[in-house]
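S.K.: Here the protein sequences line up with chains R and Y, keeping their order.
When we follow numbering that gives the first Met the number 0, the leftmost residue of the first sequence carries the number 0, and every step to the right adds one.
When we follow numbering that gives the first Met the number 0, the leftmost residue of the second sequence carries the number 0, and every step to the right adds one.
For the record, the hints were derived by calculation from the structure and aren't laboratory data.
Even glycine gets a Cβ: it sits at the ideal position worked out from N, Cα and C.
One should not assume that every hint holds.
Simulated coverage check for chain Y against chain R, where a stretch passes if three residues somewhere in it have a Cβ under 8 angstroms from a Cβ of chain R [as the list claims (entries may be wrong)]: (1) 67-76; (2) 110-120; (3) 126-134; (4) 159-166.
Where chain Y lies over chain R, by a calculated footprint (3+ residues, C-beta under 8 angstroms) [claimed, not checked]: (5) 36-43; (6) 148-162.
Cβ-to-Cβ under 7 angstroms is the rule here; a few derived chain R residues that face chain Y [stated by the list, open to error]: (7) V17; (8) S19; (9) Q50; (10) A53; (11) F64; (12) W66; (13) A166.
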Amino acid sequence: MYDKSVRRRRAVLALLVVCSLILLTAYFGESPSSPLHSVQRGFLQVVSPIQEGASRALKPVRDLFGWFGDTLDAKEERDKLRDELEEARRAAIANAAAAREAEQLRKLLGLDEELSLDEMGPVTARVITRSPTLWYSTVSINKGTSDGVRVDQPVVNGDGLVGTVTAATSNSAIVTLITDHTSGVSAVVNESGVAGVVQPAVGKPDDLLLEYIRRGDRIEEGQTIVTAGSRSRRYESLFPPGIPVGEVTKVDDEEVDVYQRVHVRPFAQLRRLDVVQVLTDPRGTGAT
Amino acid sequence: MTAGSTPKLALRIALLALVAALLEIVAVSQISVFGVSADLTPLVVASVGLLTGSISGAAVGFGMGLFLDLALVQTLGVNSLIYTVVGYGAGRLRELRDPQGALVPIATGAAATAVATIGYSIIQFLLGVDAPVSLLLVRDIITTILVNTIIAAPLFAIVRRILVGALPDDPARRRRRAYTTGGLSPLSRA
Numbered sequence: 000m001y002d003k004s005v006r007r008r009r010a011v012l013a014l015l016v017v018c019s020l021i022l023l024t025a026y027f028g029e030s031p032s033s034p035l036h037s038v039q040r041g042f043l044q045v046v047s048p049i050q051e052g053a054s055r056a057l058k059p060v061r062d063l064f065g066w067f068g069d070t071l072d073a074k075e076e077r078d079k080l081r082d083e084l085e086e087a088r089r090a091a092i093a094n095a096a097a098a099r100e101a102e103q104l105r106k107l108l109g110l111d112e113e114l115s116l117d118e119m120g121p122v123t124a125r126v127i128t129r130s131p132t133l134w135y136s137t138v139s140i141n142k143g144t145s146d147g148v149r150v151d152q153p154v155v156n157g158d159g160l161v162g163t164v165t166a167a168t169s170n171s172a173i174v175t176l177i178t179d180h181t182s183g184v185s186a187v188v189n190e191s192g193v194a195g196v197v198q199p200a201v202g203k204p205d206d207l208l209l210e211y212i213r214r215g216d217r218i219e220e221g222q223t224i225v226t227a228g229s230r231s232r233r234y235e236s237l238f239p240p241g242i243p244v245g246e247v248t249k250v251d252d253e254e255v256d257v258y259q260r261v262h263v264r265p266f267a268q269l270r271r272l273d274v275v276q277v278l279t280d281p282r283g284t285g286a287t
Numbered sequence: 000m001t002a003g004s005t006p007k008l009a010l011r012i013a014l015l016a017l018v019a020a021l022l023e024i025v026a027v028s029q030i031s032v033f034g035v036s037a038d039l040t041p042l043v044v045a046s047v048g049l050l051t052g053s054i055s056g057a058a059v060g061f062g063m064g065l066f067l068d069l070a071l072v073q074t075l076g077v078n079s080l081i082y083t084v085v086g087y088g089a090g091r092l093r094e095l096r097d098p099q100g101a102l103v104p105i106a107t108g109a110a111a112t113a114v115a116t117i118g119y120s121i122i123q124f125l126l127g128v129d130a131p132v133s134l135l136l137v138r139d140i141i142t143t144i145l146v147n148t149i150i151a152a153p154l155f156a157i158v159r160r161i162l163v164g165a166l167p168d169d170p171a172r173r174r175r176r177a178y179t180t181g182g183l184s185p186l187s188r189a
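Bound-form chain R, shown alone:
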């Protein structure tokens, strides 16, 4: 009797571990169009309405806990924002004149074709789930292929770049955030045009890294990083140009390194995402 129960226990454990290892091995080597990925998308399609309903029902709970956290941070945030507001007011006055001048010049040069987000088919979506692991920075949204959402489309919110769509079903989609370890965004320093690649640092979601910046290039704290949006037909970027990514917070310039390491604080508050926009026509072709 004892031997039988021990054998049974061990057999169940071995079966579950072997099943997990088979799934892991099979999934890891597969392409995104393979059967296991299709099963995953099918499952997502089935559970996403349930997730959305639960997400709506539990929103007051999330907001309550969020309120506690926000209150603790509010005082510090208020002082910082007051300073920033003063600075922004001064900059706005200067920028208004510059913007008028730039607008006139753009028209003169026939460059008015630069696209605004409104022309990129934005689809507004609600965030319904978030990956609980420290490693995956993904969220799911309540819009899918039936709304024009496709894989590789960029996702933004009111603050700036959020990520890209990496999986989509008819009624939901998975968005991989720019803080996920698989993410990489070609970007430029808005003030100087110096180009690099924005990558995350795993474990530091508020600190992105602008990589491949040569030591000779001058980067300063406070400068703004925006998407580069390559127009090359061969290596076209997923992101349209000019979407704000973040602000330079620190520059590591070690003499032994070929490149500088530029630390960037993302504009989008990626831990508190409620509503995002998927740019379903990032090139503004009017195709959608």
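Go by the hints and put chain Y onto chain R.
M.R.: For chain Y alone, coordinates are given in the frame of chain R:
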């Protein structure tokens, strides 16, 4: 399942696992506490293992892990492997030691979270990481373990309350019985 398991218990565990996994991904993971989110999954799996034994602990761990991998479109098999081990370990603790102390759910919850978070990181390293990894990840892992340790006892109480009516051999009842029968536990008599 344990020898005295019933379909009623299996149904309760399945519903509990489903609700806990949904609650985790739609609400708890979006609430930041000290910069991290609590992770209910290892706590629920460990609680089920502690209350019902190694086989049901491993099974519910596998099921919840697979649900998370499928619903979040993550690498299949990673969470199911980790939570199978967590559930089995918690179940074996009950079967071998039959612990009754009030601190047992807390210590088990902390250990389960440590196994889950560290195990997940090790598997990610083995699968390959495309970005630099900050040492702050270690801080986040420790913070997650601490946050989970705080909520482990109340969560264990909730899980026990949900399962207690279907448990064939509830540890609390066994403890009371052992007390009235001169300290002999059913395990030592068997």
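S.K.: Evaluate each hint against the coordinates.
M.R.: Each hint tested on the structure:
1. With 10 residues having a beta carbon nearer than 8 angstroms to a beta carbon of chain R, the region 67-76 of chain Y meets the requirement of three or more and the stated coverage holds.
2. Counting residues of the region 110-120 of chain Y whose beta carbon lies closer than 8 angstroms to any beta carbon of chain R gives 3, which reaches the threshold of three, so the coverage claim holds.
3. Check result for the region 126-134 of chain Y against chain R: holds, 8 residues qualifying (beta carbon to beta carbon below 8 angstroms, three or more required).
4. Residues of the region 159-166 of chain Y with a Cβ under 8 angstroms from some Cβ of chain R number 0, which does not satisfy the need for three, so the listed coverage is violated.
5. With a cut-off of 8 angstroms between beta carbons, the region 36-43 of chain R has 5 residues touching chain Y; three or more are needed, and the interface restraint holds.
6. Here's how the region 148-162 of chain R fares: 0 of its residues keep a CB closer than 8 angstroms to some CB of chain Y, so the rule of at least three is not met and the hint is violated.
7. Residue-level restraint check for R/V17 is violated (minimum Cβ-Cβ distance to chain Y is 10 angstroms; threshold 7 angstroms).
8. At its closest, the beta carbon of R/S19 sits 4 angstroms from a beta carbon of chain Y; the interface hint therefore holds under the 7 angstroms criterion.
9. Interface hint status for R/Q50: upheld, as the beta-carbon distance to the closest one in chain Y is roughly 6 angstroms, under 7 angstroms.
10. Because the beta carbon of R/A53 sits about 5 angstroms from the nearest beta carbon in chain Y, less than 7 angstroms, this interface hint is met.
11. With a least beta-carbon distance of about 4 angstroms to chain Y, the hint placing R/F64 at the interface is held under the 7 angstroms criterion.
12. Given the 7 angstroms rule on beta carbons, the hint for R/W66 is violated: about 11 angstroms separates it from the nearest Cβ of chain Y.
13. Interface hint status for R/A166: upheld, as the beta-carbon distance to the closest one in chain Y is roughly 5 angstroms, under 7 angstroms.
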